[in-house]
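Chemist: Each protein sequence line maps, in turn, to chains A and B.
For the first sequence, the numbering used here assigns the number 1 to the initial residue and increments by one for each residue that follows.
For the second sequence, the numbering used here assigns the number 1001 to the initial residue and increments by one for each residue that follows.
To be clear, the hints were calculated from the coordinates, so they are not data collected in a lab.
Since we're looking at a predicted model, the values are computed, not measured.
Accuracy of the hints is not assured; some may be wrong.
One-sided and incomplete, this derived list gives chain B residues near chain A with beta-carbon spacing under 8 Å [unchecked claim]:
1) M1001
2) R1002
3) R1020
4) M1075
5) A1083
6) D1086
7) G1088
8) S1093
9) V1269
10) P1272
11) G1276
Straight line, CA to CA, 27 Å or less: simulated DSS-like cross-link-like pairs of lysine-lysine [what the hints assert, rightly or not]:
12) A:K106 x B:K1209
13) B:K1143 x A:K143
14) A:K165 x A:K23
Built from N, CA and C at the ideal position, the CB exists for glycine as well.
Number of protein chains: 2
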Amino acid sequence: MRVVQKFGGSSVADAASIKRVAKRIIDTQEQGNEVVVIVSAMGDTTDELLDLAGEVSPNPRPRELDMLLTAGERMSAALLAMAINDLGYTARSFTGSQAGVITTEKHGDARIIDITPGRIESALDEGDVVIVAGFQGVSQTTKDVTTLGRGASDTTAVALAAALKAGYCEIYSDVDGVFSADPRIVPGASRIPEISYEEMLEMAANGAKILHLRCVEYAGREGVPVHVRSSFSDNPGTWVKNIEKERTVEDPIITGIAHDRSEAKITVVGVPDRIGAAGEIFTTVAEAGINIDMIVQNVSVAEGTTAISFTLPQSDGDKAMAALRDARATIGFADVIYNDRIGKVSVVGVGMRSHPGVSATAFRAVAEAGINIEMISTSEIRISMIVNSEQLDNAVRAVHTAFGLDSDGQAVVYAGTGR
Amino acid sequence: MRVVQKFGGSSVADAASIKRVAKRIIDTQEQGNEVVVIVSAMGDTTDELLDLAGEVSPNPRPRELDMLLTAGERMSAALLAMAINDLGYTARSFTGSQAGVITTEKHGDARIIDITPGRIESALDEGDVVIVAGFQGVSQTTKDVTTLGRGASDTTAVALAAALKAGYCEIYSDVDGVFSADPRIVPGASRIPEISYEEMLEMAANGAKILHLRCVEYAGREGVPVHVRSSFSDNPGTWVKNIEKERTVEDPIITGIAHDRSEAKITVVGVPDRIGAAGEIFTTVAEAGINIDMIVQNVSVAEGTTAISFTLPQSDGDKAMAALRDARATIGFADVIYNDRIGKVSVVGVGMRSHPGVSATAFRAVAEAGINIEMISTSEIRISMIVNSEQLDNAVRAVHTAFGLDSDGQAVVYAGTGR
């Protein structure tokens, strides 16, 4: 069978790690598989290159930044191939461009348009292990080197797995898989052996760092089974895949709890209580190129006015505030307030569909922990609550317990430095 | 006019140096030129990458080593482009492959077959400064990334200058040009304002490190004027070009003195004094893939036997000795002696053609310095002498003085770390 394996930066941080990964790859090949490996840059290489760029130019051109950064994966790919060759096996490294990763031309955040893995196919036919530099491709239009945005090596891996019709795609990092909650917050969190694409999407979209959002989308669309596991152990990890079987009453209603500290809340107060005012506010934000997450329109607080709150990435906070202040006179609201001391806890599980009262359980659990819920949003399989950032960990623990997800004892040992 | 500029590793060793080089490039463009820049890897990057490779594999595959090492120039090229963009000008960096440097597939020591500078041409047409990663290309047959061998960025620069029909090619390093002798040995050495390709070839082939031999060959064949100068000063440097004009009596007979410490001498003693014996010895060495430099067949030392000495690169010493020992019985010589404590001093100048007695002057000067000449070889414009390595510096000074090349005072200030 064809297997695609992706190793993150912490898995190839130094020569010793690279050799260890090489052995693991060879084991997979020895089991009769054709192996294609996507590798990230070693440890902190990307950050070091970014620092170097910063010394030369305060804001380097994205095209040149891509040219610089892609050198990181190029080096780790070549070194990993050397390590495999040194074990008496044949490996060949390819840049994203050589591997046929065709992308849009948006430097720093390009999207994969197509994969033409001709060179990979022939290398596999010759019995080689194929090592592909992750996180990079080549622009279809300009033929320039592009990067897919940080963390996108996962996406490259899944896209290659689909293009190569691989049996599955293994994503190696320094954690044992996907957990019912972040084990750093909930020591009793348990590994999720299997999770559906849609549940993983909700987890990733709501703060679970383990898999890149676009990677999960791609895997789900292409139906590529993804095996998330640690390169520092032989533990089974988590399978992200289509789960066809009927769910039984034994199945947990809730699969996992995700949390996110990266959002901020903006509240627009004294909004004139007229038709279209809210629309103008969100048009203003949208035209600033900002995606918002949750929205709450409060009941009228003062005579004839209302307040509107919404959440957005903290990184867009300044831009949004500036845009709104500019529009203040036109729209005619009183003031705008920024608050980045919030956190989001999300309860995710397909079991919600068949079980009523899940939201009631979630709200009660948080309330009984003495935590005030500032905002709420739900999807068919998710309930998200915004709370004060200081109380986020408690909220996560409260719902994890309330839905009976606590296992006994330490769930996971972290190795390495994360991805 | 089109100008190609090449900057060595010491010229782009850190962010500050890269910014300084960027200004120099912009100045050249501001003078109304189209500028194409070839850049080496920053400072010791290549050595650091080699160390990294060594940690992973004692002898890495050349293909993978090329993939690894070329990342060095890729980084410096991108950083230099950023620095130029930061000054408000537009620059675009290209890998050797993107620049159309087509090579043979011999990894680590590929030769340029062709240059297809389509992307460079269009970038120049758009008014961009073009930055090309030196020392690398792409194999015509395998499409793999190749390197041209260390120091070959000079060759890339001249080859690009020829392909782009540039007016001239500037090779920037940390020395002020080509000198009548190595200023570290002869403080009174003077800068050579102009030198012919053939003289520069002899200088380079006999130890002058300033220009890569293949680069000079290429420049001479293509008739590309090469301007050798320092990136740490605005001094005029040395022009390597066709010198058509009649030489006058005022012209110095000798242009420069080169020296070389990288050779060793092998002496085969007790060679049977029969026809073909010498031939068998040199066939043996040649079949071991070793190029030899100078040969001396001594007069018969013992009854019916003779001794043959030749010089070769020290790096080939072990290989040659092993091959000869194996052939000892067959050829029937008594013994073979290895000596790497030799040095070669070469007197170079086209003036020799028209002036008799140059060799006499050279031999006398060395002899009067009390130095024994072990071997001699000459070309139409060169006289080389092998002396004891401890006496090499004295020999260089002696001939430099004998041919009236001494100027008064310090000739050059070395900056940076050399190439």
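Chemist: Determine for every hint whether it applies to the structure shown.
Modeler: Here is how each hint holds up against the structure:
1. M1001: violated, 26 Å
2. R1002: With a minimum Cβ separation of about 22 Å from chain A (threshold 8 Å), the hint on R1002 (chain B) is violated.
3. R1020: Violated: closest Cβ of chain A sits about 11 Å from R1020 (chain B), beyond 8 Å.
4. M1075: Check passed: Cβ of M1075 (chain B) comes within 5 Å of chain A, closer than 8 Å.
5. A1083: holds, 5 Å
6. D1086: Constraint on D1086 (chain B) satisfied, holds at 4 Å.
7. G1088: Not OK, violated: G1088 (chain B) not within 8 Å of chain A, min 11 Å.
8. S1093: holds, 5 Å
9. V1269: violated, 43 Å
10. P1272: Status violated, d = 46 Å.
11. G1276: Result: violated, 44 Å to nearest chain A Cβ.
12. A:K106 x B:K1209: violated, 44 Å
13. B:K1143 x A:K143: holds, 16 Å
14. A:K165 x A:K23: holds, 24 Å
Taken one by one, the earlier hints fail for this structure at numbers 1, 2, 3, 7, 9, 10, 11 and 12, listed in ascending order.
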